[in-house]
Every structure is written in C-alpha cells, then in structure tokens.
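Chains as they are written, first to last, in this note's numbering: chain R, 77 to 425; chain H, 803 to 1126; chain U, 25 to 334.
Simulated from the structure, these hints should not be mistaken for laboratory data.
Please note that a few of the clues may not be correct.
[Said to hold, decoys possible] Ranges of calculated distance between the beta carbons of each label pair, as one might list FRET restraints:
#1 H:E952 to U:D329: 31 to 37 Å
#2 R:E347 to U:D329: 47 to 53 Å
#3 H:E1106 to U:R59: 36 to 42 Å
#4 R:R148 to H:G836: 56 to 62 Å
#5 R:D206 to H:E1066: 40 to 46 Å
#6 U:R55 to H:V1071: 56 to 62 Å
#7 H:L1107 to R:R404: 47 to 53 Å
#8 R:G223 to U:R55: 17 to 23 Å
#9 R:G161 to H:D1064: 46 to 52 Å
#10 R:D202 to U:L180: 52 to 58 Å
[To be verified] With a cut-off of at most 25 Å between alpha-carbon atoms, the simulated DSS-like pairs for lysine-lysine come out as follows:
#11 H:K921 to H:K828
#12 R:K203 to U:K235
#13 H:K892 to H:K921
#14 R:K203 to R:K87
#15 H:K862 to H:K828
#16 U:K235 to R:K160
The beta-carbon is built from N, C-alpha and C at its ideal position, and this holds for glycine as well.
This is what each chain is made of:
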Amino acid sequence: MTNLVEIEDLKVHFPIRRGLFVDRVVGHVYAVDGVDLSIRRGETYGLVGESGCGKSTLGRGLLRLTEPTGGRMVFDGTDLATLKGEDLRRMRRRMQMVFQDPLSSLDPRQSVESILVEGIRVHGLDKGVDLGKTLRDLLTSVGLPHGSLRKYPHEFSGGQRQRIGIARALAVRPDLIVADEPVSALDVSVQAQVINLLEDLQGEFGLTYLVIAHDLAVVRHIADRVGVMYLGGIVEEAPAHELYTDPLHPYTRALLSAVPVPDPVVEDRRERILLTGDLPSPAAPPAGCRFHTRCPWKQATRCDTERPRLRAVESGHKVACHYAEQIRSGELRPHSVEPELVPELVLDP
Amino acid sequence: MALLDVTDLSVVFRRRGEEPFTAVDKVSFSVEPGQTVGLVGESGCGKSVTSLAIMGLLPKRGNQVTGSVRYEGTELLSLSPDQMRARRGKDLGMVFQDPLSSLNPVIPIGIQVTEVLEKHRGMPRRKAMIEAEDLLNRVGIPDPRRRLTEYPHQLSGGMRQRALIAIALACRPRVLIADEPTTALDVTIQAQILALLKELVTDTGTALIMITHDLGVVAGLCDQVNVLYGGRVVERAGRHELFELPRHPYTHGLLASIPRLDLEGDRLVPIPGSVADNIPWDGGCAFAPRCANQIADCTARTPELTGDQQRLLLCHNPMEVAVR
Amino acid sequence: MTEMLTGRKERIDRLAGDASVGRSLWSEAFRRMRRSPVAITGAVLVAAFLLLAAFAPLIAPHSATERFPQLLQDLRADHIPGAQPGFPLGSDQLGHDLFSRLLLASQQTLLVAVAATVFGMAVGMLIGGTAGALGGWVDNVLMRLVDVLLSFPSLLLAISIAALFSQGSQWTVIIAVSTVAVPVFARLLRGSMLAQRHSEYVLAARATGVKPAAIVFRHMLPNSLGPVLVQATLTLAISILEAAALSYLGLGDPNPDRAEWGLMLANAQRYFDVSPQLSFYPAIAIIVVALGFTLLGESMREALDPKNRR
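Kindly generate the complete structure, drawing on both the sequences and the hints.
Structure representation (structure tokens):
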C-alpha cells in the first residue's frame, strides 16, 4: 500500500499579537509542533486527542486552510506547501473536508442543490455529464431522498445535514476526506448512521479518510490506524486494535482509562488513571516531554529536559516516550504527581 | 418516604400562536440520600426540562407544570417563588452543563462562593472566605486562595466546572441535580469530575440526580437509571439489570448503536430516523416509527407503564435478547 | 431549550401536514412576519403612507402652492381660518389648503427619505463590503475613516454638511442625511461580513476550491444582507426625522410655498398659540410614518434572527 499523504515535521504556530498602535508579536501558540504522519491510500487514519491538542489545526493545515509555519506535506507525490493560487485551488478537489457542526458548515441561504453544484461547477466536473443524474446519485449514496435538492439546510435534522455535508465533499470526487469530529454534534442514536455511512462510502468510492475526533470509542471503531495527540505533537501511533489493547504512552493509558464504557460490570472493575491538573497552555508548552507535568510515570532524568521523538517500538507501533519499554514491562510503576497539584479530596459531611 | 419524590410531573409549553407542547409527560421517580439516579435520553427527551421544573426554574409564563415534587414531604410545586428561592441552593443544588455561562463573568469566583455562604448560611464575610477556600480545595482546585480572586474566564473549563460544583456544595444541599455536567469537558477532566461526584455521594450522602446522554457515564455512576423518550420514562431499572438486558427497544437500540471502546467493533446497528421522527403519545408509542420491534399495537394503543421495583417498562413488545 | 424542542416541533408540523418543503430563510422570515401583529401594523402604516404619497395629486383637492383669497381674507396675525367647506383642515399661515399640503408633502418626505437611504446604503455598503471582503490594511484604513464620521453626533454632522452648501435645497438635506447613514451601513456590513469570513461554510467553500470572489458574492454577501435590510428600513424612519429636523432648522429649501412636513412644522411654530393644529398635523404625520418604518424594521430584525427560527 502506498502513502497518499506524507507529513514531515509539520508546524502550525499562531502568533499572539498585542499592542496599542502597532501589533507586536509577543509569542506563539504552538498548535501543531513537529508532527510526522503518513496516511496510506484507502485507509482510515484516526487522530484523537483532547481539545487544544492541535488535532483540528493539523487537519486544516494539511488542507492548507490554515497556513503551516513549517514542514513538508506531500499529497500523492505533490508538495502541497509550494502550491499557490490556481494550482492549490485545483488540488483542493482531491482533498475534501467534513465538518463537525453540519448546520454552521452549510450556507443557510443556499438550497441543497446549489450547495452540491458549487464544487462540481468550480472544478468543471459538470461538463458533458447529466448534472441532474449526478446529483440524484450523490443523494442516493448518502441516503437522502431526491426531493432534498430544493430544500434548505435548516429543514433537515442533524443527521441529514451531516449527510448533506458528506455529499458536498463527495461531489467533487476526492481521494482524501478529512472528517473533523464528524459525529460529535449528533444525537447518539444518529451517530451510528453516519459512522456506517462513512464506512460504506469508503468502500464504494475507494476513499482515504483522516478522521479527527475526541471520542476514542468512535475512532477505535472506524479507524485502521490511530494517532494520539497531546499538546501539538503525536505521542503514540498504532493500528487501532493494538493501541487499545496495548497502549504504551502514559497519556494514551490515562486517556483510555478515562473513557466511560456503557457496561457496569466493566466500569466497576476498571482502574482509572486520573490525571491531575489541566492541559498546559500551548503558548508555553513544557520543556522536554510535553506530558511530563501530568505524567504519573515521570522519571527524574530526561523527561523534563529532552523531548522524546516518535520512535517505533514494534513494527507499526510508535511511541514518543523515553521509558515506554520499562512502563510496558511493569519495571516502572506509576506514582502520584506533584503534591501541590493533587489537592486532598477530603469531603466532610 | 424518599428524600425527593417526583410524581406524575408534567410540563406543557403553551406559547402564543402555537400548539401546546408536552415536553415532560407524567414523569415519576424518587431519590434517597446517598443514591444516584440517572435521567438518560437524547436531545428533546425532556430530561433538562424535568430538572428545571424540579428546581422551579421554568418561567411561569408559557409553562404549565403539574404533578408533584415532594422534598421530605413538602410539596415544592405549591411553594411561593420566594419560598422556593430559599430552598434552592440550601436543599436543592444544581450544576449545569456550561460552567462559563452559569458563572457571572464580572465577579471573582471567590465572591460568587462567599455570596452563597453569606446569604444561605448567614456566615460573616471573613468566615465565608475561609470556608470558600476550603470548598475550592475540596473540589480539587489547586492553589484555592489565589483562585478565589480570579474571574471565571481565567479558569479552564474543568476548573470552572469544579468552581460551579463548589458553589452548589456551599450550602450543603441534600439533593444535587447535575445536568450534563461533563458534556463540555474532555474525557480526562470528565473522569476527574465524575470521581468527585461519586465521592460526594458516598461520603456525604448527597442524593444525586444525574442528567446525561452518555450511557457510559450512567453505567459507572448511577444506581438507578431512567431512560426518557419523547418526554416519558420508557424504561427504569438498576444499572446492572438495565445494561445486562435492556428491555425497551429504544434502550436496546441506543446500546447497539454506540461503538464500544473495550470491544472489537462489529458494524454498528443504528436506530433509524432521528429524534424528530416520533409520533404523539396519544394513540400509540412515540418511538414506534423508529422501532425495530414494532407490532400492530404500537401505533394503535398508548403503552402503559408496567413492571415492579426491579424494572418499569413502557412498551407493548419488549426485547428479550441482550445487545451483544 | 427551544433548540431541544425543535425536533419534536418539526414532527408536529409534519403531522399537521405543514408542507415545509424548500422554504428559504427569506420566505421563512416573511412567513413569520405575516403572523406578527407588530409587523402587520408597521406594514399597514407604511403601505398607507406609500399609497397616499402615490395618489396624493389625485386625492388632494387643491395644489400645494395655490393661495386662496377667501382664506387670505380671514388671515391675520392672531387668526388662521379653521375647517370650512372645501378646506377640511382649514388654512395655513399663508392661505394654502392645509389638507392638500399635508398630502402632497408626503411625496417630498418619501423622496428625501428614500433618496437619502439609498445613497447612504449604497456608499456605506460599498465601503463596508470592500473592507469586509478584503480585510487587512484596506479594512483598517476604511474603518478609521468611518470612525471619524461616526465620532460626530449624527444631527450635528448633518447640520455641518447642510451648512456647507450656501443655498439650501432638498438635495442638501438628502446629502446631509445620507452622509450620516453611510458609516452605519459600512460598519454593519463589514462586521457581518467579517463574521461570515470566519464561518464554517465559508471555510467549507474554500476547502471545496471556490474562487475568492465567488465566496464573497455567493456566500458572504447574501448572508450579510439581513441586518442591512433591517437597517435600511430603520434608516428610512431616521431619515424622515432628520430631514424634518434639518428643514425645521432652516437648512433645507427655504421656499415657504414648498410642502414639506419639517418645513411646515417649522413655519407653524410661530402660530402655535393661535393655531396649534398647524404644528400638530405635520408632527403627527412624521411620527406615524417614522413609527411605521420602525415597527416594520424591528419586526424584520426579529423575523430574520436565526435564534427565533421555529
């Protein structure tokens, strides 16, 4: 399998400006800070992480909707970073996006038809084809009735709107779809419909997905490989099944243990790794390993001075932790984190 | 007699120029001290309206609240607004989903906590300050003395939710209603908040009413679970019984449609349609149009709530098989 | 809470056979306005005003400038003839038929209000639209200019502009009033377009590869027009009041024969003790028409607000 997307050392830094008359750059938000990532043709790559970890920025950076600060992004042999103007616009046909909130990502004043036609026209895909049939086929693919064409986004339910958003992405026959939290705004009973739809479409159109989500269960279900992000960097990457059964990075472990499982038997048995404190500011990320301030496995050496590189521990399983092997073997045990960050939880009656 | 007894609570929205709309339809449940009761459902199922009705926070205009809400035998629905105001905070506390919009943005956290202490517990300012610091400490806010002087926007989402819980706890309410308290938070922070709530219930005997859409949260936290659909309780059972064998097709469908973190994924079985695709309860079951287990009765007759202490069910044709 | 309930509300609509098929936001807003008593009141007032203005020459028994000898005979400094056969509201201080003048003045008022609003809106939208579409330094420069205009109290600005012209005329008034409206429209459209710029559907259009100009005209502009339309309606009301104020202050066309409500009000001032109705009628006309436009504008604002969508 060849790689459709190759990202090397991608950086997206947002300047923080302040000043009365002239804006001075007083610092940067290191939203994405040195990410290596490759996505194989036809696979689903899941990117998980909590809010502020930079996963959405990574997706937008890849699509050049946000300008990367540095690094290389190669899409099917073309270096995206050097594309400009018309070339970039043409390239956009091949990489589409599905948004989190289907209502706000659909122009409220356009009918479904004009929403779908827009991309087709822009890329000249309407020449010599039966546009009506193309549109009807699109609607069929995403499971919407043909009568939807004349309707407006606000006349649909959340799940149907997301189907429109997916149809819009499909309309230009892309190779890659970046889906940023595609189901998190939907009702639980509807999420499964959209997840199944995404899976069906992948088979039908040979799509490659980058699915960005905070819901680890959804990502485990849909993704072939999963990358876990923390504070602008990928801390672990593995095939989905392996990541969930054998998490190596302390953050991945904490994250997985925090997700509630809808099964009381499992819940009662589970041991939670409760992280203390909050995510540090991405404008002032900790030195060394970015997770060391909250890590229950933090060691006296290296962790706070040397930023761990993402390295392969096994074939296909990469982790950015100096002590991954020792943690896995049980040689290193978790400890409580800095007493001043762990306030006593004594509740009097 | 339970600590809080909700019987046949109904809320009808009557807005000018619109059909009356029954948001909550004869909902009954009760909570004991030290017990956690869950109200689960998707958007529009009436779970939040139920909590607002219990707290007496629904505007009088346009909302008709009927039924009974008894706190230690006192009927709350017949109290005057002033009497109810005195009870809120003191007897019944509430934590909302969005901590930012429930905190006053221009007043430091400390004042917001001490205010409650001064008003409801009649503490002098100095003593209230000490107590507030202690409260923040208890809910796990590091460096509480400094936090007291900070404004809500200076705190992270998790810290804000903790501050909100601290305010709710300030008067030591015996019933705490948490309306989606972790929905706006990340999972690692959610785990911290849920652990905090759990400790609160076991250590202080607070009765907790947990309102959520997340079945995972319910599975770990609630002793008893009420599943709501279309404004009615469609199934009630203890958490073990409910998750082991969900009888109502809606509960069953929900569990079949969510991917599991701890299991290899088969294809999900969605519930068809959306929450908008239901029919009114009169003359049938609201869930019938989406139900996989539908029989002729479902669109002909309104189902009645049947069952016992172990399980209540509002269904003509309940499920007999486990989800997985 | 309303959001939570939309789901089931939709269902009720569907069951009630409400064919909510293919209804754009504009037509939804229109439907809501048709049900609002405030909107209907405003619309009736505005429609009545427009009809009166259109048919004023046919309805008015006399011309605006004709002076009638039989009225002039009775006209003294301490007496102005009241209603009498043929003159339903009596005379004004110059011996014109007051009723005819009131009617015919509506045309003047309409002309000034519409012209001022259209000019103000056109220039304002050009400035605001450019700033909002281009952003960056263009936006900065244009908006600082607008800030300068906005920093003057509006009536003072109008007076200064009107005073620049040596000879007052109704065009003086139109230019002055429209200048006051320019920054309002510019700020409004720019703000609303900047908001669109960061909206997800604009991002989606960029991701699709839509050309920047098409994004501005297809997505950003149409979605910004709602508030502009509301403002235009309100500006009509404000223009009527401002134009009346300028005329009242003597900054418009000073010809006393000209029928214009503000001018009529100004000239009637001296006779207030003798004939208060001379002030009363034009004042009522101004208030009622301005109220009509305001009610219409406010109800439009409400109807277009997506938060009120049901």
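Hints versus structure:
| no. | hint | verdict |
| --- | --- | --- |
| 1 | H:E952 to U:D329: 31 to 37 Å | 34 Å, holds |
| 2 | R:E347 to U:D329: 47 to 53 Å | 50 Å, holds |
| 3 | H:E1106 to U:R59: 36 to 42 Å | 39 Å, holds |
| 4 | R:R148 to H:G836: 56 to 62 Å | 59 Å, holds |
| 5 | R:D206 to H:E1066: 40 to 46 Å | 43 Å, holds |
| 6 | U:R55 to H:V1071: 56 to 62 Å | 39 Å, violated |
| 7 | H:L1107 to R:R404: 47 to 53 Å | 52 Å, holds |
| 8 | R:G223 to U:R55: 17 to 23 Å | 20 Å, holds |
| 9 | R:G161 to H:D1064: 46 to 52 Å | 49 Å, holds |
| 10 | R:D202 to U:L180: 52 to 58 Å | 56 Å, holds |
| 11 | H:K921 to H:K828 | 35 Å, violated |
| 12 | R:K203 to U:K235 | 18 Å, holds |
| 13 | H:K892 to H:K921 | 10 Å, holds |
| 14 | R:K203 to R:K87 | 39 Å, violated |
| 15 | H:K862 to H:K828 | 19 Å, holds |
| 16 | U:K235 to R:K160 | 13 Å, holds |
In this structure, the earlier hints numbered 6, 11, 14 are contradicted, and the remaining ones agree with it.
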